[in-house]
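Hey, can you work out the whole structure from these sequences and the hints?
For the record, the sequence lines run as chains A and S. First residue of the first sequence: 1185, per this note's numbering; consecutive thereafter. First residue of the second sequence: 997, per this note's numbering; consecutive thereafter.
Since the hints were derived computationally from the structure, they do not count as laboratory data. From a predicted model like this one, the values you see are computed outputs, not experimental measurements. Here a beta-carbon is modelled for each residue, glycine too, at the ideal position from N, C-alpha and C. Any given hint could be a false lead.
Keeping only pairs whose Cα atoms sit at most 30 Å apart, straight-line, the calculated DSS-like set for lysine-lysine is [as the list claims (entries may be wrong)]:
1) S:Lys-1071 - S:Lys-1092
2) S:Lys-1071 - S:Lys-1097
3) S:Lys-1083 - A:Lys-1266
4) A:Lys-1280 - S:Lys-1071
5) S:Lys-1083 - S:Lys-1022
6) A:Lys-1198 - S:Lys-1022
7) S:Lys-1083 - S:Lys-1067
8) S:Lys-1083 - A:Lys-1257
9) S:Lys-1067 - A:Lys-1280
10) S:Lys-1071 - A:Lys-1257
11) A:Lys-1266 - A:Lys-1280
12) A:Lys-1198 - S:Lys-1083
13) S:Lys-1022 - A:Lys-1266
14) A:Lys-1313 - S:Lys-1022
15) A:Lys-1313 - A:Lys-1280
16) S:Lys-1083 - A:Lys-1280
17) A:Lys-1322 - A:Lys-1310
18) A:Lys-1257 - S:Lys-1067
19) S:Lys-1092 - A:Lys-1280
20) A:Lys-1280 - A:Lys-1186
21) S:Lys-1031 - A:Lys-1198
22) A:Lys-1322 - S:Lys-1083
23) A:Lys-1322 - A:Lys-1280
On the chain A side, residues computed to face chain S include the following (Cβ under 7 Å) [said to hold, decoys possible]:
24) Pro-1196
25) Ser-1199
26) Glu-1222
27) Gly-1224
28) Thr-1228
29) Ser-1231
30) Glu-1232
31) Thr-1235
32) Glu-1289
33) Arg-1290
34) Ser-1291
35) Met-1293
36) Ile-1297
37) Gln-1324
Pair by pair, the computed Cβ-Cβ distance ranges are [stated by the list, open to error]:
38) A:Gly-1287 - S:Thr-1036: 24 to 34 Å
39) A:Lys-1310 - S:Gln-1045: 37 to 47 Å
40) S:Tyr-1002 - A:Asp-1217: 36 to 46 Å
Letter by letter, the chains look like this.
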Amino acid sequence: MKFENYMMLEFPSKSTNEGFARSAVACFAAQLDPTMEELGDIRTAVSEAVTNCIVHAYPDGLGVISLRCRILKDNVLDIVIKDRGVGIENLEQARKPMFTTGGAERSGMGFTIMESFMTSFQVTSKPGKGTTVHMRRKLQRRK
Amino acid sequence: MQLTSYLQDGMLTIVLTGEIDHHCAKHYIRTITAKIEAYTPQICILDFQEVTFMDSSGIAVVINALRNMAKIEGKLELAGLQPQPMKVFRASGVDKLITMKEEVK
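As structure tokens, this is what we get:
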């Protein structure tokens, strides 16, 4: 078995689920004994990815968001957040800091924060098919 | 979800609480805008002491407040930031645009 533990969730793209998703991942990650800072980084990155699905993937209604978390060897937390929404036409543009199509309520910093708070970050998207965010965070082993 | 605020000597302090994400950002933006428009303070302080979590939605809340204060030629300050919200502000560069104080007056 390549992973030590895993969990999967599926929920509708309601904004109330942003808090639920980041808390669920934080609870799962707790078994790795993360520091407060590591936990804060993970919660922030999950919140950004789920918010993107809610705001951008399903702009005209509710859709399904799936989340998978795995614990890999060497204290690595692996997170995949997936939607089957409208997808992103221009990924390069979407990843630029301050770029947003979400209006005044959005800052355009979501991808930048996910990238800087996680050890690795990857986003793939097909217009009309959906978007997948895959990120990993290596947690320090505490003595 | 209510925002407490107090005005003293042209200084408006608005107390934010709990977790700031996209779910509540619209409400925060509307309420802060209404308070700034109603009181037209010289200085507006957003008190973050009781904010336990913030994602990039919090940046939009602060940028909107900054724009509203600029319209009335006032100044915006943030106070009482805990490490997690502070890290989000630093990652976005907002800490270079706005005065951030550790303590709340």
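Check each numbered hint against the structure and report the violated ones by number, ascending.
10, 18, 20, 24, 26 and 37
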